[in-house]
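Q: What follows is the residue order along each chain.
Number of protein chains: 2
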Amino acid sequence: MALQFTSEQRLDDGVLERAFTLGEIPGILWTLGSAPAPLILLGHPGGLHQMYPRLAGRARHSAAEGFAAATIELPGSGERPRSAAAGRARADLRRALEAGEPVDDAIIDALILPLVEKAVPEWQTALDALLSLPEISGPVGYSGGVISIGIRLAVVEPRISAAVLFAGSFVPRAMFEEARQVTIPLHVLLQWDDEGNDRQAALDLFDAFGTREKTLHANLGGHTGVPQFAGDAAAQFFTRHLK
Amino acid sequence: MALQFTSEQRLDDGVLERAFTLGEIPGILWTLGSAPAPLILLGHPGGLHQMYPRLAGRARHSAAEGFAAATIELPGSGERPRSAAAGRARADLRRALEAGEPVDDAIIDALILPLVEKAVPEWQTALDALLSLPEISGPVGYSGGVISIGIRLAVVEPRISAAVLFAGSFVPRAMFEEARQVTIPLHVLLQWDDEGNDRQAALDLFDAFGTREKTLHANLGGHTGVPQFAGDAAAQFFTRHLK
Chain A
1 MALQFTSEQR LDDGVLERAF TLGEIPGILW TLGSAPAPLI LLGHPGGLHQ MYPRLAGRAR
61 HSAAEGFAAA TIELPGSGER PRSAAAGRAR ADLRRALEAG EPVDDAIIDA LILPLVEKAV
121 PEWQTALDAL LSLPEISGPV GYSGGVISIG IRLAVVEPRI SAAVLFAGSF VPRAMFEEAR
181 QVTIPLHVLL QWDDEGNDRQ AALDLFDAFG TREKTLHANL GGHTGVPQFA GDAAAQFFTR
241 HLK
Chain B
1 MALQFTSEQR LDDGVLERAF TLGEIPGILW TLGSAPAPLI LLGHPGGLHQ MYPRLAGRAR
61 HSAAEGFAAA TIELPGSGER PRSAAAGRAR ADLRRALEAG EPVDDAIIDA LILPLVEKAV
121 PEWQTALDAL LSLPEISGPV GYSGGVISIG IRLAVVEPRI SAAVLFAGSF VPRAMFEEAR
181 QVTIPLHVLL QWDDEGNDRQ AALDLFDAFG TREKTLHANL GGHTGVPQFA GDAAAQFFTR
241 HLK
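Residue numbers (full-length UniProt numbering), protein chains in the order written: chain A, 1 to 243; chain B, 1 to 243.
Calculated directly from the structure, the hints in this document are not laboratory data. Be aware that one or more of the hints could be misleading.
A few chain A residues facing chain B, derived, Cβ under 8 angstroms [claimed, not checked]: (1) R212; (2) E213; (3) T215; (4) L216; (5) H217; (6) N219; (7) L220; (8) F229; (9) A233; (10) R240; (11) L242.
A virtual CB, placed ideally from N, CA and C, is assigned to each residue, including glycine.
Just chain A, same shape as in the assembly (with noise of 0.2 angstroms):
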């Protein structure tokens, strides 16, 4: 399936923004330049209007290191059909949550586990797409959450070479178990005050992570508060691994 551009904007620091669609899932392709480039696959928690402005900081910032950058929306996120099943885990994750208990595994899978099998091939086949762009060469780093889907990703897809993963959502059980397969060099950022992300749980899976080559990066503050120099350190860990 090939990508098909909706439109383009040139930003003021020379990047190249292009929507697409890839069927029926909307995306974004930032690159400078016309020469192949390494790609940065850059992942979200879904919604790319909203994540927008943070999508295209990150862009322009990778693009500033000479990688191209795209992403994807996710399945069920943004403009795209709503899945009812995820909706009530969504629902049972809030009540859970309003009233202070404990998440339960269930609502966990519930809310994950689809998501991650959906969101993978996907990602798979827009990198099919991407990678047959004249201004695209690879190798392929993924950068982001959901982590769920950067860990199935690095297991499964062979064309990432390195990923930053960053620790901000819930982790399904069975994931540590996949986390235990993950062989490419990793990055992990966890906010260390993040109010929505069991910080236990980020510790055990990067415990977890079968890969040689692993760094936690560890800063203050909540979900959104990562400092400008962790996402420095994150761009040096991709010029030190896709280039």
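With chain A held as given, fit chain B onto it using these hints.
A: This is chain B only, laid out in the frame that chain A set:
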């Protein structure tokens, strides 16, 4: 008290290495050029001779980033007089570790607290002498272990502006309280598989630090396996805060 330089050599990258004594305490100073430079105090577990290759490597790395670097011998290490109490505590520690028993708080207290009490004023005296040299201007950073010495220095010594602390030694309970009083920026290195280190205690200590800017970098590997890129990240931390 002034430094007495006892020998000097020019390293092949142009760094001037001078051995000195400060009263009875031996030390080493590394400088590059004569323009006043900020200073990094290089902490270590004791034994300048044995630690020399690693200390010199860190000093040359620092010099390449525009920092002077200096270190002094710890009380009871190298050529300095041994303390009978510390010897007993070390023997108790060795027995506990060999027996696979949990290490009693009293052993850790006996090993570390008198060392901190004695070493910290010595580092402060060294700082007086170093800052009186024309080649050294400040600001000053502390880098390394013994982590309890770094914590105490960060609390009591206002001339230290930032610290890279290596979580690789036992930490007395009392130091957790002191950690809450640290307000300077911290960059904490943790080797995830450090045999001689309690990972959970290191994470608890990171949590306890009272400063608003703290970053934890955890890397795979044992005590001496800090990867090159982690050293680079620590250097960048000092560049952000001391320049």
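Q: Against this structure, judge whether each hint is valid.
A: Here's how the hints hold up against the structure:
1. R212: holds (6 angstroms)
2. E213: A:E213 check passes; min Cβ-Cβ to chain B is 7 angstroms, inside 8 angstroms.
3. T215: holds (5 angstroms)
4. L216: holds (4 angstroms)
5. H217: Where the cut-off is 8 angstroms and the nearest Cβ of chain B is about 6 angstroms from A:H217, the hint holds.
6. N219: holds (5 angstroms)
7. L220: OK, holds: A:L220 within 8 angstroms of chain B, min 5 angstroms.
8. F229: Holds - the Cβ of A:F229 comes within 8 angstroms of chain B, reaching about 6 angstroms at its closest.
9. A233: Because about 6 angstroms separates A:A233 from the closest Cβ in chain B, which is inside the 8 angstroms limit, the hint holds.
10. R240: holds (6 angstroms)
11. L242: violated (14 angstroms)
Going through the hint list in order, the structure does not satisfy hint 11, though it satisfies all others.
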